[in-house]
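Asks: Each chain is listed here by its residues.
2 protein chains.
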Amino acid sequence: MTVTNRRFVLASRPTAAPREDNFRLETAPIPELGAGQVLVRHHYLSLDPYMRGRMSDQKSYAAPQPLGEVMIGGTVGEVVATRSAGFVVGDKVVGMGGWQEYAIVGGDGAGLRKVDTAHVPLQAYLGAVGMPGVTAWVGLNAICEPKEGETVVVSAASGAVGGIVGQLAKAKGCRAVGVAGGKDKCDYVVGELGFDACVDYKAAAGPEAFFAMLRGATPSGIDCYFENVGGMILDAVMLQMNAFGRIAMCGMIAGYDGQPLPLQHPALILRSRLKVQGFIVSEHPQHWPRALSELGAGVATGKLKYRESIANGLDSAPAAFIGLLQGKNFGKQLVKLI
Amino acid sequence: MTVTNRRFVLASRPTAAPREDNFRLETAPIPELGAGQVLVRHHYLSLDPYMRGRMSDQKSYAAPQPLGEVMIGGTVGEVVATRSAGFVVGDKVVGMGGWQEYAIVGGDGAGLRKVDTAHVPLQAYLGAVGMPGVTAWVGLNAICEPKEGETVVVSAASGAVGGIVGQLAKAKGCRAVGVAGGKDKCDYVVGELGFDACVDYKAAAGPEAFFAMLRGATPSGIDCYFENVGGMILDAVMLQMNAFGRIAMCGMIAGYDGQPLPLQHPALILRSRLKVQGFIVSEHPQHWPRALSELGAGVATGKLKYRESIANGLDSAPAAFIGLLQGKNFGKQLVKLI
Numbered sequence: 001m002t003v004t005n006r007r008f009v010l011a012s013r014p015t016a017a018p019r020e021d022n023f024r025l026e027t028a029p030i031p032e033l034g035a036g037q038v039l040v041r042h043h044y045l046s047l048d049p050y051m052r053g054r055m056s057d058q059k060s061y062a063a064p065q066p067l068g069e070v071m072i073g074g075t076v077g078e079v080v081a082t083r084s085a086g087f088v089v090g091d092k093v094v095g096m097g098g099w100q101e102y103a104i105v106g107g108d109g110a111g112l113r114k115v116d117t118a119h120v121p122l123q124a125y126l127g128a129v130g131m132p133g134v135t136a137w138v139g140l141n142a143i144c145e146p147k148e149g150e151t152v153v154v155s156a157a158s159g160a161v162g163g164i165v166g167q168l169a170k171a172k173g174c175r176a177v178g179v180a181g182g183k184d185k186c187d188y189v190v191g192e193l194g195f196d197a198c199v200d201y202k203a204a205a206g207p208e209a210f211f212a213m214l215r216g217a218t219p220s221g222i223d224c225y226f227e228n229v230g231g232m233i234l235d236a237v238m239l240q241m242n243a244f245g246r247i248a249m250c251g252m253i254a255g256y257d258g259q260p261l262p263l264q265h266p267a268l269i270l271r272s273r274l275k276v277q278g279f280i281v282s283e284h285p286q287h288w289p290r291a292l293s294e295l296g297a298g299v300a301t302g303k304l305k306y307r308e309s310i311a312n313g314l315d316s317a318p319a320a321f322i323g324l325l326q327g328k329n330f331g332k333q334l335v336k337l338i
Numbered sequence: 001m002t003v004t005n006r007r008f009v010l011a012s013r014p015t016a017a018p019r020e021d022n023f024r025l026e027t028a029p030i031p032e033l034g035a036g037q038v039l040v041r042h043h044y045l046s047l048d049p050y051m052r053g054r055m056s057d058q059k060s061y062a063a064p065q066p067l068g069e070v071m072i073g074g075t076v077g078e079v080v081a082t083r084s085a086g087f088v089v090g091d092k093v094v095g096m097g098g099w100q101e102y103a104i105v106g107g108d109g110a111g112l113r114k115v116d117t118a119h120v121p122l123q124a125y126l127g128a129v130g131m132p133g134v135t136a137w138v139g140l141n142a143i144c145e146p147k148e149g150e151t152v153v154v155s156a157a158s159g160a161v162g163g164i165v166g167q168l169a170k171a172k173g174c175r176a177v178g179v180a181g182g183k184d185k186c187d188y189v190v191g192e193l194g195f196d197a198c199v200d201y202k203a204a205a206g207p208e209a210f211f212a213m214l215r216g217a218t219p220s221g222i223d224c225y226f227e228n229v230g231g232m233i234l235d236a237v238m239l240q241m242n243a244f245g246r247i248a249m250c251g252m253i254a255g256y257d258g259q260p261l262p263l264q265h266p267a268l269i270l271r272s273r274l275k276v277q278g279f280i281v282s283e284h285p286q287h288w289p290r291a292l293s294e295l296g297a298g299v300a301t302g303k304l305k306y307r308e309s310i311a312n313g314l315d316s317a318p319a320a321f322i323g324l325l326q327g328k329n330f331g332k333q334l335v336k337l338i
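Here the protein sequences line up with chains E and V, keeping their order. If you're matching positions, the first sequence starts at 1 in our numbering and goes up one per residue. If you're matching positions, the second sequence starts at 1 in our numbering and goes up one per residue.
With the rest of the complex left out, here is chain E (with noise of 0.2 angstroms):
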């Protein structure tokens, strides 16, 4: 083959917050196709805040992404060359490319997912019924468990994961209260969305102006929470909290540059007998099946909406990156390859 192929490797790891030189462009031809080995073209790539802790050596729930070596991230793509039985040319499928237009896939595709996409927009397998649906599934249904009539609110509610949280917790009733940065993203989780309220942090002169904003969205208190950001505003939910309420902590955006991130209150997981749990949605395969079934119909009849910031090219990643991380991006970020 004479194809080329463009790929991030990772340069460095950042110190604080990442740059883009951090990452570095590499090009390398494309080898020959070995026995059941799959060629894929992406079409789409995902970015996503779990890629900040890869970027890191510090102890975590998974290995650091090696230096030197094609950045991690999901992807979805078309077959354009195959020598495994199971794909066809022409397939579209969802995997773990990486940061890169190309990936071959061997072991028969291990790893690869063909989608249907008469229904269901291709990208969408990277979002609402992709990774970042599944975590807002479980963390809702296996670790929140909201009872209907129970409020639920959500940390960064416009973004992939929290805007499906709030939706999911209306379709059960719920009363569901989104927090996000800026009027545009809070009118959009009310309007668009449908949640019944949103905070917007940014509109909150410091912690105590923020904590009474959240109050009043929240008249009844708080039974569940889905944990996206820490810092201010989970202290804040935390105070809030009724008795008995569980806390899905799926991500804490606000620390991943290292700058320390207490929790002002602990006491009050034991006065509220709160449940706090943390989760990382690959370790829970035993609900991805309903879970990508249910989120996939919802998308299919459009009664679950989302939301995409797409970039464009390979080489504009880490900006767009970097940007996600600042909260600049707006419903799930993808970059799109071709």
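Source of the hints: derived by calculation from the structure; they are not laboratory data. Computed from a predicted model, the values in this text were never measured in an experiment. Don't take each hint at face value.
Said to hold, decoys possible - Here are the simulated BS3-like cross-link-like pairs (lysine-lysine), alpha carbons at most 25 angstroms apart as the crow flies:
no. : chain 1 : residue 1 : chain 2 : residue 2
1   : V       : Lys-170   : V       : Lys-303
2   : V       : Lys-275   : E       : Lys-59
3   : V       : Lys-275   : E       : Lys-275
4   : E       : Lys-92    : E       : Lys-328
5   : V       : Lys-305   : V       : Lys-275
6   : V       : Lys-328   : V       : Lys-202
7   : V       : Lys-303   : E       : Lys-275
8   : E       : Lys-147   : V       : Lys-275
9   : E       : Lys-328   : E       : Lys-202
10  : V       : Lys-328   : E       : Lys-275
Start from chain E and add chain V according to the hints.
Replies: Just chain V now, with coordinates in the frame of chain E:
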């Protein structure tokens, strides 16, 4: 009747550590019994850390102890007069009689439980076979759910709750590690209660030294933590928790006087996918019968060991309670009334 009752009422709420003048000794004649009432002469009063919370009017899981009323407290004693068909003079009973020498219990002894003292000493119903023992049982078996071979750590390990936690963990085939203050307590925890190790936090120069000691005592990490203390100990334990670890939050005595007690690394809940859950033993009534049965058998057969700190006479209760909050007791703190 001509008998006089002596009792302690809450005179004022502490602003920091409780002082003896927060309590006031009163004397009052005992009235004639009404229909259905029972007069109990208390043999022992139980002193427990939860009482500190009731002295404050801060929001908590229970209503504050009203000023001017008899201090709440568990008691064991003997029925000395009765107008209830359910009790005869001489019955040994456990109840919530409060800080006083006698209590009149109405409603045909509602809240009083007759106990068998043939095989279990009366005062054990305030400790190993009472609320502290059941607290240990519920926190360990219903919240932590340790599996054989796992490492269980408990703070305040020589106390009425902690000592039982470790012995129950050992009986389940776990490695039991205590945290206690002072060499004597640690020697007791290992030598008499049979824990595998004990970390003396008073021997640590600071948080880092304590963490190093804890790490030495838990070479395979920590799977379950039963929390009675909070602060530095909790922070260190969290750093040492294994993936999918469970923390039962039973008490945070380090913060009972109102000082801030932040949790330094809440992101570890996510990174290690921990479950952190607060609980109050009275809210788990379904476990009490089995727990009391197992604990009673353990004490009757001598398999379950415990130690008591006994203060003599009602007048000694305030000082003994203040000592308990400072860790001056060694084992279950009781006040012997006759």
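Asks: Does each hint hold? Answer for all of them.
Replies: Going down the list of hints, with the structure as the test:
{"no.": "1", "hint": "V/Lys-170 x V/Lys-303", "result": "holds (11 angstroms)"}
{"no.": "2", "hint": "V/Lys-275 x E/Lys-59", "result": "holds (18 angstroms)"}
{"no.": "3", "hint": "V/Lys-275 x E/Lys-275", "result": "holds (7 angstroms)"}
{"no.": "4", "hint": "E/Lys-92 x E/Lys-328", "result": "violated (30 angstroms)"}
{"no.": "5", "hint": "V/Lys-305 x V/Lys-275", "result": "violated (30 angstroms)"}
{"no.": "6", "hint": "V/Lys-328 x V/Lys-202", "result": "holds (13 angstroms)"}
{"no.": "7", "hint": "V/Lys-303 x E/Lys-275", "result": "violated (33 angstroms)"}
{"no.": "8", "hint": "E/Lys-147 x V/Lys-275", "result": "holds (20 angstroms)"}
{"no.": "9", "hint": "E/Lys-328 x E/Lys-202", "result": "holds (13 angstroms)"}
{"no.": "10", "hint": "V/Lys-328 x E/Lys-275", "result": "violated (32 angstroms)"}
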